[in-house]
Amino acid sequence: MQWSDGSKACRIDVLKSVVADLLTRYRHDAYIGYGTLGYVGYKYYNSGSNKNYDYKLVKFPISDLTNENNYKDALKEIAKYKAKGGTPLAFSLYESAKYFRGYKMLDENNGKLPSSGWRPKYGVTYFDVFSSPIRYRCQEQHLVLMTDGAPMGDYLGPVEDKDRKSDSGFYSSEQVTRPSISKTGKFLWNLDLRTDAQNIGNRDLAGKEWFSKGSKRMPLHINAITFGNDTSDADIKELDRTVAPSGGVHVHAKNATALYEAFHQIFQDIIQTRSGTGAIEDQTAQTKQSIRYSTAYEPRIWTGELVARQFNETTKKYDKLLWSTKDTIVPNQGKFYTTNDAFTSTNKTPSDKKVVLGPGTPGIDSNYANWLKGTESSNLRDRQGNLLGAIINSDITYFATDVPRINLDTLSSTMRMEFINFIKFRRDNMRYNILIGGSNDGLLNFIYADKNGGGKNREAGQRFVSYFPSFFKEDLPQITDLYYTHQYKIDGKNHLFDALDGDTVRTIGISSMAAGRKGLVGYQLFEATRDLADPSTDFKVNFEITNQTPGFSDLGYTYSEVDFVNQFDGGEQKDRVFAVFGNGFGAESGKSIIYIIDAITGEKINSITLSNDGLGAASPSLVVQNAKGGLQHLSKLYVGDYSGKLYKVVFEPFNEKFEVQKMVTLYDTKGSNEKAGVRPITTRPTLNQDRDGMMWIYFGTGSAATLDDISDDAQKVTHYLYGLRDLDHTLYRNDLVG
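Residue 1219 is where the sequence shown starts when you use our numbering, and the numbers rise one by one after that.
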């Protein structure tokens, strides 16, 4: 045939190719099956034909296509198809629905269809009832009807006795010669499979009764695709009416490319799986050993997924599935911790305040604690067996035990070798790599990665530790509510650092909450003595800070990235590690502030006010130099804020309190007649020192933190990328070239 774009291709070949591609694309996102339209209902009615006609519509039952054998079998079945002719749409829609309903389905007709009807004694046989594809009480069931033309040869039957006797307004005859597709679609939408389906048993796969608290009516959702040029406007409108009751999607594809896009549009609407944060890889070179980790989340039930795929040297893609946390994470796996209250340590030594999360944890009802650990409850939110919360904006951080988390170039050669030896010691004693990601059920998750210090990790994809910050305890009724509506919790970035702390070398982390809370948390993954003895892999909680913590009332939503400096403290006469970050967006005071804290205890060392009305400081870029003792020294930083100003802060040399020597506003992105915040600076500036020793600062403007950022007015604003030379004074727009 010839498509509207002039290309020539057989419709069945195009359809088979597109369906095969879609199975490949969505095999990890949904359980999928497929079938064909039946033979033309009355074409052979009393025709005298002696042929057998296959009415078995379900060619491949709904299956888990992540199973490689299932996937290969599904593709083999597609390759066998031949076009049979005819488009009995209402018949095929009604007959396919019997698969979900657990009714016997037609098998084949040994010869002609007799005038007496579709009864077995007249040569029509029935296939045994399929196993139910319905898995969970909150799961949606979808049919996608595909046709290349108007209903032709449509003959609906046999209509089940139960349907003919119902008061639903469906057909009262056993067989219907001119059935309405839209009437059939409306009837299927009005069903409730919890009561209508005959083969689902008393409980779903999560062990919950179908009518337990929180369950909803389970109809059949109908979607449709028409393709080619033969479909009339009237036929298109009829299919629009067919999908309308269930809110389904109907797309008309006029060429092969549009057909694929139509399927994609419908699958996206059905699955509602969204990509999470950017994928990360476990090594820079792409080899057959390379692994990519990516996240996705499902808005219907607000659960998430972390997936590992291996690089395929043949396809040059990461398309070999290794595991998904949907399968690898099970209830009560790993260790769960929280703390009793948000805190910072007042003394100068780390104070691990973690407590085991479980029944009896202060401030947490045991039902909530068990739910966080994966135990389902009929009175709490149903996650349909997927125990990882939605990971939407939170970075996935890959922690490899043999990779340093400190810039070795900023250290003396002696200190550099000391850290290299520490890294080797950690690799040999920790022996597992970790993936770190925050989820919106309030858990900061530490998941075993594929490789460890000695090779492949047998526990890849399983939970190592999950940590529930205490400041989310008050939110547990909403997090676990049966009728949950989405809220952000741990939605920020993770930052890791190796540091010398007195006589101890530590691997520590700080994770921000971003839109989830005006707060951040600090923790430890590994420690050893400076002489490389007494290794400890015990997970420790170092501190929790919110805007309610004394000294941090100006803390906003912590979108800011955190940076570190390992510096000798002359007052304490010891090596210490400090964290530097902006106060973020949405502080009640509206100030732009840089916080400097002890990165282990959380103690505030200094807070630097950049502006009293700057709307919040973003992520700083530090200029760190080698100090005389071999460690680091923070000499200055550059940072933007949400009002659109760029600042430079210069520190007093070797001052343990990080007192400011000089502060300069280098640039203001606001135009002369514009209000502050029109062009906010929300990301970390990039620094580059030229051969003449001059510092260049590169940054852009724009924000996507609130709905106001995508309003009509906001989208009319022109944003820019800037490259400025630090001239130690304020530059204005007229000073720029571009």
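The hints are simulated quantities; they were obtained by calculation from the structure and are not laboratory data. Some hints could be false.
[As the list claims (entries may be wrong)] Ranges between beta-carbon positions, derived for each pair:
| no. | residue 1 | residue 2 | range |
| --- | --- | --- | --- |
| 1 | G1425 | P1577 | 12 to 22 angstroms |
| 2 | K1538 | Q1680 | 16 to 26 angstroms |
| 3 | S1235 | E1692 | 50 to 60 angstroms |
| 4 | G1918 | K1434 | 23 to 33 angstroms |
| 5 | D1239 | R1435 | 42 to 52 angstroms |
| 6 | R1435 | E1286 | 46 to 56 angstroms |
| 7 | L1293 | H1482 | 17 to 27 angstroms |
Values in this document were obtained by computation on a predicted structure and should not be read as measured data. For glycine and all other residues, C-beta sits at the position ideal for the given N, C-alpha and C.
Numbered hints the structure breaks, given as an ascending list: Violated: hints 4, 5, 6.
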